[in-house]
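So the sequences go chain by chain: W and S. Mapping to the working numbering: the first sequence position 71 is 81, numbers consecutive. Mapping to the working numbering: the second sequence position 178 is 336, numbers consecutive.
Please keep in mind that the hints were generated in silico from the structure rather than gathered at the bench. There's no promise every hint is true.
To be verified - Once the Cα atoms are required to be at most 20 Å apart in a straight line, the calculated DMTMM-like pairs of lysine to aspartate or glutamate come out as:
#: 1; chain 1: S; residue 1: Lys-274; chain 2: S; residue 2: Glu-400
#: 2; chain 1: S; residue 1: Lys-312; chain 2: S; residue 2: Asp-335
#: 3; chain 1: W; residue 1: Lys-58; chain 2: S; residue 2: Asp-232
#: 4; chain 1: S; residue 1: Lys-318; chain 2: S; residue 2: Asp-236
#: 5; chain 1: W; residue 1: Lys-58; chain 2: S; residue 2: Asp-236
#: 6; chain 1: S; residue 1: Lys-239; chain 2: S; residue 2: Glu-397
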Amino acid sequence: MDSIISAASVIAAGLSIGLAAIGPGIGQGNAAGQAVEGIARQPEAENKIRGTLLLSLAFMEALTIYGLVVALALLFANPFNT
Amino acid sequence: MYPDNFYSSTFTLLAEAEVGKHFYWNIAGALVHGQVLVVIWFVVAILLTFSALGTLNANRIPHGWQNFMESALDFITDIAKNQLGESFYREWIPFIGTLFLFIFGSNWAGAIIPWKLIKLPEGEFAAPTNDINTTVALALLTSFAYFYAGLSEKGLGYFKRYVQPLPLLLPINILEDFTKPLSLSFRLFGNVLADELTITVLTGLVPLVIPLPIMLLGIFAGSVQALIFSTLAAAYIAEALE
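Next comes chain S alone, as it looks inside the complex (with noise of 0.2 Å):
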């Protein structure tokens, strides 16, 4: 029905999502996924370079590099700016900017880089936001970062706004506490992986052409929940704040 080299082509080995398969590294008796390992180092790698390159030679009139990442840090402080308001967006700016670079360089690594052409015992190299771990992770920190920024600003008083505005809705408010991660970490693992079945599949049925729109989308898309990771990750921080 189809020819030969339809199945054995190299295209369909260019996208070929395996759900559930990791190639397991034994550290200290804990099992950990390897190939997203690497490819945070290698995420965590890039993102050094570039800031050690836009600040090795830091001039008063920025050039170059240092003009690039003045603009990336421009854009992060209007994230942060945006939600937690003028007294409180300085101090948040680190934690806030390491969430919008990390999840956009995962992003863009798993889309851009061709991974599937190193070959691995078992699973293979993509975005690290498609393990759910890792997702989960991040989620988590910024669970501990809005706790951190109420209990630091307000005390033990931060609890009161579980009793707000009626002592009745303290079993919802207390749900929120577990929904809000449980949301993040399932937004944004839900959408990388969604990307990348979606190019596997279409790869499987027309490899050619056809893939290209849906993997530019995935890259935007990928710039998008990035934004919106951080985006709500300072507007948690602003509720527990105010």
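One chain only, chain W, in its complex shape (with noise of 0.2 Å):
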């Protein structure tokens, strides 16, 4: 490979995963807190909370894996690498 293009992925790649990060943490972390606040509001709801919010965490987790998912592609499937 290229060694240009080696490089660039590389960072490509890095850069995927961190910025696909951010926007699911924030989100994850709003919905975690409000999860801890209706627990404590109403603690019988306890488990109907607690399985909403693992379903919607994992909706939101799977944001930064479309990111995973485009750093693997660049690092071991690239398609510029000829």
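Assemble the dimeric complex from its two separately framed chains, guided by the hints.
As structure tokens, this is what we get:
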């Protein structure tokens, strides 16, 4: 592989994970905080809140995973690697 | 700097992710990923054995395996019922249930069984869901399922939903049909592969004890991803039906 392409791919892979982690991080923090607040307010609803929270956390995590998939494609299946 | 056995030890051998290397089989001119097929057959065999054990001596009062399988069926029925509603859920239990059990079995088979002990000439055994082809196949099946559901329920009137609520939204509605399988497949593939890569990197750094919590997290994430995939598939089908 051309060295400039590999350097650019590695930098882009790092950036794609790092940037993709920002938004879901904020979102997951918000969701978890609200869930804790909900449990503190209504402890009897804990099981329901936990289930919904886990499901929505996994949805938010998927956004970071898209970044990971892009990074993996750059590192292991680079389309510009002739 | 490090003792010699740090690198060559069996610990690192147990978690060695080889991305993009496959054990190819040539079947009638087509190259297939053999390592994925073998683990898929293993998962299918386990699921068949479990269901056979649960149903061979079916009694009115369940005990043993039958009890376990009935609670598993209840769980699946709940997934379908929560999304599809009372009137439609029964006929979709087999599809949703198969998706859930297969993905769950695949993720756990990859996370729990030490496949890396079996050497292959190239590639390695792992969860079948860490191959993008498996997840894309599952996602496309979901796509076909919701198209089938919509068309069989409403006939050609199904396509009316593309111009609702506004004809202006037609391109976005069409685009959605492509993004649904894309996001479904990437989510599952990425999550499973991410777990394996994290374990590999951590095992390379500290071979003992430290990767264990991450492995447990991987097992947990595997079950959550199976739940999410089947829930989303049910939700898409429900969207096409309503």
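Which numbered hints turn out to be false for this structure? 1 and 4
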